[in-house]
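These protein sequences, in sequence, are chains A, B, C, D, E and F.
With my numbering applied, the first sequence corresponds to residues 1 to 116, in that order.
With my numbering applied, the second sequence corresponds to residues 1 to 116, in that order.
With my numbering applied, the third sequence corresponds to residues 1 to 116, in that order.
With my numbering applied, the fourth sequence corresponds to residues 1 to 116, in that order.
With my numbering applied, the fifth sequence corresponds to residues 1 to 116, in that order.
With my numbering applied, the sixth sequence corresponds to residues 1 to 116, in that order.
Please note that the accuracy of each hint is not assured.
Unchecked claim - Here are some of the chain B residues that sit facing chain D, going by a computed Cβ distance under 7 Å: (1) LYS46; (2) TYR83; (3) ALA87; (4) ASN90; (5) SER95; (6) ILE96; (7) PRO99; (8) ALA105.
It should be emphasised that the hints constitute simulated quantities derived from the structure, not laboratory data.
No residue lacks a Cβ here, since even glycine has one placed at the ideal position from N, Cα and C.
Protein chains: 6
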Amino acid sequence: MANPVQEFNDYRSKMNAVILEQKNLTLHRFFNLDMHAYADGALDVKTKEMLGLVASMVLRCDDCIKYHLEKSYDAGVTTEQVYEVFAIANLVGGSICIPHTRRAAEFWQALHELKI
Amino acid sequence: MANPVQEFNDYRSKMNAVILEQKNLTLHRFFNLDMHAYADGALDVKTKEMLGLVASMVLRCDDCIKYHLEKSYDAGVTTEQVYEVFAIANLVGGSICIPHTRRAAEFWQALHELKI
Amino acid sequence: MANPVQEFNDYRSKMNAVILEQKNLTLHRFFNLDMHAYADGALDVKTKEMLGLVASMVLRCDDCIKYHLEKSYDAGVTTEQVYEVFAIANLVGGSICIPHTRRAAEFWQALHELKI
Amino acid sequence: MANPVQEFNDYRSKMNAVILEQKNLTLHRFFNLDMHAYADGALDVKTKEMLGLVASMVLRCDDCIKYHLEKSYDAGVTTEQVYEVFAIANLVGGSICIPHTRRAAEFWQALHELKI
Amino acid sequence: MANPVQEFNDYRSKMNAVILEQKNLTLHRFFNLDMHAYADGALDVKTKEMLGLVASMVLRCDDCIKYHLEKSYDAGVTTEQVYEVFAIANLVGGSICIPHTRRAAEFWQALHELKI
Amino acid sequence: MANPVQEFNDYRSKMNAVILEQKNLTLHRFFNLDMHAYADGALDVKTKEMLGLVASMVLRCDDCIKYHLEKSYDAGVTTEQVYEVFAIANLVGGSICIPHTRRAAEFWQALHELKI
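Based on the sequences and whatever the hints tell you, model everything.
The following block contains the structure:
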């Protein structure tokens, strides 16, 4: 059975390609801008990915959460730290964030299994 | 085939356990607070569960809706009453609540099938 | 100085009249539907107004909160009960509801001052 | 395998019937109002369906997006136009709309496959 | 007394200048992208402004509503048409959009008074 | 004329006192939990305040933004860094965050004027 990380990344790549081949200039620039916003700057990548994660969690976007969880993992965010991000998201965004936290916790485990 | 109520409760329990074993104090306290907020007080449990339900519905959180539907069922909310909650949710939150109402209606049926 | 309750109601009436004189059929029907949804039914007016209140609070609509606070007050909701509604709203909707709770608490006081 | 368009429409019809047989007057009127709001008027059907689509996308309601994609398709919206709607939705609603854009792009393809 | 349209535009210009002088590249590009997304393309400016308006209304952003109301006015949207946009926004977004519709109706009047 | 920072803090303190004197246990615990969630832990105060800030911005809660701007200022966040938080918020949350960014930029200036 495919790892959920792989599955998510495959669908994401496939459909991004479908979108971008339509050559809508605004969407092209927006996707490009999105990719560069998390680059090293006055804040480092690790901090920025946690900002992206907490924003995705309070807005309750599961796919965005998954995306930033993998980037956070790759940037060296520890499990203890990621749970502090979850905690702030739940406080700010309320108990409606709990189901997303459950799916995030599951994806965080899947990332560890895949990347060992 | 598993009843959707059972399935939802099983996943919920399993992942809550994963989250709580991380011992993040804020999350522990928040989960605890969430459990106690619907207890009998100046408003009774039945009213509070309907408040939780309508709030979940306008915020369009399917899992939260399921959770409060089961609690509402157990507190004695009737089908006619639960549809009045749905109606207020749809008016306040708009037609984007309709798909969640469809899934809520399906889960409400599953509760009746399971609990006979 | 005008009581904030009066001020809110005056602006509300004035602008509703402006909107309705445009004779947009959908808006007419929607406004009408909205007014009748909180009538006595399988749930009583008091419960329905609290449902409208908690929904408005988690969606963070100050004017909707004010509207349902006055209706709740008129339906006999006590201060202890209205704070239990606030509590559930804050838990479900998170700390972003706190500023709206502050304004709601202020309006609740104004209702008591006006209606003595 | 069923086309995703068919699957969506079947579930939608089935559950709408379940909801409407409960005879909740507010829900009946609301569903009815919703159906008539997109009729030809000062704005034509095609424009109104694109309004429904962009609203559904920024509110991130996948089922609402699917519904308005099919109606937009039937009203003659072209692929280039639908991507301009997607672009505005992404700019106004932010990168949390990207996952919904991916699923919308997939459904748009399915509509073309079904309706040839 | 200043016309509310003037007041809104003045504050908007002043603070945009403050933001842009910080030379944050992502914000510069995002503001730029936002300005160009409503240009004539497969959809005309008038349609795009109405898309921006309905999106702003269901997301309940008063300042965004004001911005797109002025652009819609300049693009030739009539009062009857703008109320059809309001109607769809209210249906999709629910009664929490009503207070924003009141303020939008007021701003629409102010636009007519200013631009005669 | 009062500095906007002072004004915000005064109203906040006054109304929090009104709320807390009602002795609603859930609200007491929730307010308390909220205060402690940003304490030093696996993530430092500065990072946590930026997480609170970005979450408040994408959820478009002006008062929450002000609160976390002051805490961020006190924790040593620089202007260049705060604008990188603004940039991520705008990308994730979309152009509806722009009006909140304008007010945030104004409050950030007020903080500098007050705290010199």
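**Message:** I'd like to know which numbered hints this structure contradicts. Please list them from smallest to largest.
**Reply:** Number 1 - this is the single hint that the structure violates.
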